[in-house]
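Quick mapping for you: the protein sequence lines, in order, are chains A and B. The opening residue of the first sequence carries number 88 in the numbering used here; numbering runs sequentially from there. The opening residue of the second sequence carries number 7 in the numbering used here; numbering runs sequentially from there.
Please keep in mind that the hints were generated in silico from the structure rather than gathered at the bench. A couple of the hints might just be wrong.
Below are the BS3-like pairs computed for lysine-lysine, each with C-alpha atoms no more than 25 Å apart in a straight line [said to hold, decoys possible]:
id, chain 1, residue 1, chain 2, residue 2
1, B, K89, A, K154
2, A, K154, B, K66
3, B, K20, A, K154
4, B, K104, B, K20
If you're wondering where the values come from, they're calculated on a predicted model, not measured in any experiment.
These are the residues of each chain, in order.
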Amino acid sequence: MSEDHKHPNYMLIWVILLVLTVLEVAVALAPRYLGDVDGIITITIVLLVGMALVKAGLVAAYFMHLKFEQRNFVIIVSFPLVLACVLVILLLPDVAFG
Amino acid sequence: MSEAAAAAPPDIRKEVLGVTNGKMAMWIFLGSDGMSFMGLIAAYIVLRVNNLDIWPSPGKYLGISLTAFNTFVLICSSVTMVKAFEGALANDVAKLKKYLLLTIMGGAAFLGMQVYEYTHFFTNTHAAEGETAFRLFLSGIWEGSLVNGHWEFENGGTHVPRSTLFGSTFFVLTAFHGCHVFSGVVYLFFTYLGVCNGRWDKSRIEILGLYWHFVDLVWIVIFTIVYLVETEIGTG
Chain A
88 MSEDHKHPNY MLIWVILLVL TVLEVAVALA PRYLGDVDGI ITITIVLLVG MALVKAGLVA
148 AYFMHLKFEQ RNFVIIVSFP LVLACVLVIL LLPDVAFG
Chain B
7 MSEAAAAAPP DIRKEVLGVT NGKMAMWIFL GSDGMSFMGL IAAYIVLRVN NLDIWPSPGK
67 YLGISLTAFN TFVLICSSVT MVKAFEGALA NDVAKLKKYL LLTIMGGAAF LGMQVYEYTH
127 FFTNTHAAEG ETAFRLFLSG IWEGSLVNGH WEFENGGTHV PRSTLFGSTF FVLTAFHGCH
187 VFSGVVYLFF TYLGVCNGRW DKSRIEILGL YWHFVDLVWI VIFTIVYLVE TEIGTG
């Protein structure tokens, strides 16, 4: 199992990451040029956070080889991510009533 | 205990869940380090959402294009790191050394640009006569203008009201990450020295790679929420 993951296409991942970075900057600048369109701030935030998560996922899956590890190992090392989400969710009341 | 350990097959003592103990240890460290970052990021989100009305537009004060280029450099250094690991797997020392060196250069370039960025914020004097310019500190944004070839900054400038949170969250998040990049460059440098002296193995290169990619991954998140996300429609 450790032998069959020697050559993921790193260059393809690299190109995808760069394209996503360019798209992110374009989306971030969009409100300046499109002006006050309804809900544009929400749309850009969702798009930006979504693209950042895709990029982070690609780095973890391919560069950090998580895609090629045993499932139990992936579950264990992904757990801090769950805790991190819990941390943010627990702070939401502070946002709502702050 | 020593009897039981001696009786256990050696591979079980060295590997758990298909990874070496060293790799497991690095993942556990990355998990706790990720929680440190998440604490700061969660605090950033709460502080910013609670102060949307006074939060300055990042696009107006931060250098998006320079930082986008910096992100590009860090992503490239991640790719050179996986190439170095490929070299290590193939026992190709020349390839390993070449790509490790490129990774070190990428990390150093990132740090250099961050130092340039900070210096620029501390001493910003790029403006024409009569125009306003700003400086960014932990204490927030200070604006001043050029009058008769003389910077009003000399007298401190004018503090942009309630911009302190913007300054402190910006510097805490980016500097905490910068410290990680610095540690990574030192880690890479000593690993490179080890490779030059013939003291290295594939497992150590992989563990080094995990740390380096993690630093890249965190930067992707920080770049997005600190530099790119706009919570008001900017004009600048």
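How the hints compare with the structure:
{"no.": "1", "hint": "K89/B / K154/A", "result": "18 Å, holds"}
{"no.": "2", "hint": "K154/A / K66/B", "result": "39 Å, violated"}
{"no.": "3", "hint": "K20/B / K154/A", "result": "22 Å, holds"}
{"no.": "4", "hint": "K104/B / K20/B", "result": "30 Å, violated"}
Checked against the numbered hints given earlier, the structure breaks hints 2 and 4 and satisfies all the rest.
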